[in-house]
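Trainee: Sequence:
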Amino acid sequence: MAAYQQGHRPQLDNQFLFAVIRATESIGLLIAHAFRHYHPAPTGAVHELHQLYLYCEASDVLDKPASLKTTVTKKPFIHHYCQIMLTGIADPYSLSKYDVFRLFNLMAKMAGKVTITPLSDHQKSADNNTVLAGGFSLVCNSDTMPIPLHHIDPENGNRLKYGCLTPKVFCLPLNKFLMQQPAQVH
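Under our numbering, residues 1327 to 1512 are what the sequence shown spells out, in order.
A portion of the hints provided could be inaccurate.
To be verified - With a straight-line Cα cutoff of 25 Å, these simulated DMTMM-like cross-link-like pairs (lysine to aspartate or glutamate) come out:
#1 Lys1439 with Asp1417
#2 Lys1435 with Glu1383
#3 Lys1401 with Glu1383
#4 Lys1400 with Glu1374
#5 Lys1439 with Glu1351
#6 Lys1401 with Glu1351
#7 Lys1395 with Asp1417
#8 Lys1401 with Asp1339
#9 Lys1395 with Glu1351
#10 Lys1435 with Asp1389
#11 Lys1439 with Asp1425
#12 Lys1435 with Asp1386
#13 Lys1423 with Glu1351
Said to hold, decoys possible - So the derived label-pair ranges between C-beta atoms look like this:
#14 Leu1355 with Asp1447: 33 to 43 Å
#15 Gln1332 with Ile1415: 32 to 42 Å
#16 Leu1394 with Gln1331: 19 to 29 Å
#17 Met1436 with Ser1352: 13 to 23 Å
#18 Thr1397 with Ser1446: 32 to 42 Å
#19 Tyr1381 with Asp1425: 10 to 20 Å
#20 Ser1420 with Leu1356: 12 to 22 Å
#21 Tyr1419 with Ser1352: 19 to 29 Å
Don't read these hints as lab results, they were simulated from the structure.
Think of the CB as a built atom: it goes at the ideal place given N, C-alpha and C, for glycine as much as any other residue.
With these hints in hand, go ahead and build the complete structure from the sequences.
Mentor: This is how it looks when you write it as structure tokens:
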């Protein structure tokens, strides 16, 4: 907070962007560690990731890795954010504790396939679950992982529970991803 008040911005200051990316990595590992031990994510951790996402989006640095004289972040903020969101969506509590980090590493490979877009009018009004398959709503003002788009909130006029000013859809195009994978022979 002090850095922000002093005028540091991630789009202008690589050191500040580096700190944001490292904080995201640390929060992601903290959440993965909680998953591994069948505990809920620490209170506020997912909310903090959502807030960092919104901040990086507003600063236009989601896809920008940071580099300092002595070290470089190999992946941008969006990669780490998507990796932990995918891990949470995949129900890590159903795995053995040693498989959680395997899942976390697998999701690192899939993180680049994710798209985060504003909720379209078609998605807002869709009644067909197949249209909504593979999509999740980011509830940016909460401490929750993305929720499936087909979860309907009947009291909400827009039908979906979301917390961003512009509702966001977190999508993994599974059909395209699965078509690119080589067939495994047993």
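Trainee: All the hints need checking, so say for each whether the structure fits it.
Mentor: How the hints compare with the structure:
1. Lys1439 with Asp1417: 19 Å, holds
2. Lys1435 with Glu1383: Holds. Lys1435 to Glu1383 sits at ~22 Å (cutoff 25 Å).
3. Lys1401 with Glu1383: 16 Å, holds
4. Lys1400 with Glu1374: 22 Å, holds
5. Lys1439 with Glu1351: 19 Å, holds
6. Lys1401 with Glu1351: Distance ~10 Å between Lys1401 and Glu1351 Cα, so the pair holds.
7. Lys1395 with Asp1417: 39 Å, violated
8. Lys1401 with Asp1339: 17 Å, holds
9. Lys1395 with Glu1351: OK: Lys1395 and Glu1351 at ~20 Å, within 25 Å.
10. Lys1435 with Asp1389: Between Lys1435 and Asp1389 the Cα gap is close to 16 Å, so the pair holds against 25 Å.
11. Lys1439 with Asp1425: 22 Å, holds
12. Lys1435 with Asp1386: 23 Å, holds
13. Lys1423 with Glu1351: The hint holds at about 20 Å.
14. Leu1355 with Asp1447: 33 to 43 Å: At 38 Å between Cβs, range holds.
15. Gln1332 with Ile1415: 32 to 42 Å: Holds - the Cβ-Cβ distance for Gln1332 and Ile1415, about 37 Å, lies within 32 to 42 Å.
16. Leu1394 with Gln1331: 19 to 29 Å: For Leu1394 and Gln1331 the Cβ distance comes to about 22 Å; the hint holds.
17. Met1436 with Ser1352: 13 to 23 Å: Holds, at about 21 Å.
18. Thr1397 with Ser1446: 32 to 42 Å: Cβ of Thr1397 to Cβ of Ser1446: about 40 Å, so the range 32 to 42 Å holds.
19. Tyr1381 with Asp1425: 10 to 20 Å: 32 Å, violated
20. Ser1420 with Leu1356: 12 to 22 Å: Given about 20 Å between the Cβ atoms, the range holds.
21. Tyr1419 with Ser1352: 19 to 29 Å: Given a distance of about 22 Å, which is inside 19 to 29 Å, the answer is holds.
Taken one by one, the earlier hints fail for this structure at numbers 7 and 19, listed in ascending order.
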